[in-house]
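K.L.:
What follows is the residue order along each chain.
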Amino acid sequence: GAVVSQHPSRVICKSGTSVKIECRSLDFQATTMFWYRQFPKQSLMLMATSNEGSKATYEQGVEKDKFLINHASLTLSTLTVTSAHPEDSSFYICSARGPGRTYEQYFGPGTRLTVT
Amino acid sequence: AQSVSQHNHHVILSEAASLELGCNYSYGGTVNLFWYVQYPGQHLQLLLKYFSGDPLVKGIKGFEAEFIKSKFSFNLRKPSVQWSDTAEYFCAVNAEGTTDSWGKLQFGAGTQVVVTP
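Taken in order, these protein sequences are the chains called A and B. In this text, residue positions in the first sequence follow this note's numbering: the first is 130, and each later residue adds one. In this text, residue positions in the second sequence follow this note's numbering: the first is 114, and each later residue adds one.
Check the hints yourself; a few may be wrong.
Quick look at which bits of chain A chain B covers, simulated, 3 or more residues with Cβ under 8 Å [unchecked claim]:
id, region
1, 166 to 178
2, 236 to 244
Chain B is faced by these chain A residues, among others (derived, beta-carbon under 8 Å) [unchecked claim]:
id, residue
3, Thr161
4, Tyr232
5, Glu233
In silico EDC-like pairs for lysine to aspartate or glutamate, Cα to Cα no more than 20 Å straight-line [to be verified]:
id, chain 1, residue 1, chain 2, residue 2
6, A, Lys195, A, Asp217
7, A, Lys193, A, Glu151
8, B, Lys174, B, Glu133
9, A, Lys193, A, Glu181
10, A, Lys170, B, Glu201
11, A, Lys170, B, Asp198
Just so you know, the hints here were simulated from the structure itself, not pulled from any lab data. For every residue, glycine included, the Cβ atom is placed at its ideal position computed from N, Cα and C.
With the rest of the complex left out, here is chain A (with noise of 0.2 Å):
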């Protein structure tokens, strides 16, 4: 149980243009997610909270209106990261909270994300 998927897993896309990275929890429902990005060989920084329903919240520093989040539904978040710069390339995960009382997070592959 608990598994949490993302989509695209590689995705390549030209400097300029919009990217849409899915997050979705299969068999749970998860009023919570998170956005992360790590970098090669160092931690996860935490981009932003998504709450279903409501607007996320953004990390200091992070640009709410280049990094698109929407929390429709209670299996599924979206990261849309817009005018794409090759500085975005990265690997962005996202996780999920799990249900009731829990401060567990169950975390995606990740989606590597190259602008050229």
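With the hints as your guide, set chain B onto chain A.
P.N.:
The following block gives chain B in isolation, referenced to the frame of chain A:
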């Protein structure tokens, strides 16, 4: 803001050796503690967690961790490692009563563990 420190960035050891990875955090209130593992090419998986109760928690694959409140520590241990334990290990902390109330986790920098045959 609270922080999470992992003391070792890179550990190399032989099979059957014992492993201990340090994790310290800075928050003085109630915490929920986690160790996650990321095997090469795979996503993060939960090794073990501590919410309350017995400070010595056992996780999957023979791992255990001990919460020492007075030391703000949550060190991970395994008595005898295997080659398949080669992975990156992350300590994570959720600080109750803060902006972490939605379940936000603060991650340590990670420790790359390499087990040689």
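K.L.:
All hints, please: hold or fail.
P.N.:
These are the hints, each one checked on the structure:
1. 166 to 178: Satisfied; 6 residues make the cut.
2. 236 to 244: holds (count 4)
3. Thr161: For threonine 161/A, the interface hint holds, since the closest Cβ of chain B sits about 5 Å away, which is under 8 Å.
4. Tyr232: Constraint on tyrosine 232/A satisfied, holds at 4 Å.
5. Glu233: 6 Å, holds
6. Lys195/A / Asp217/A: 10 Å, holds
7. Lys193/A / Glu151/A: 17 Å, holds
8. Lys174/B / Glu133/B: 14 Å, holds
9. Lys193/A / Glu181/A: 17 Å, holds
10. Lys170/A / Glu201/B: 9 Å, holds
11. Lys170/A / Asp198/B: Distance of about 17 Å is within 20 Å: holds.
Checked against the numbered hints given earlier, the structure satisfies every one of them.
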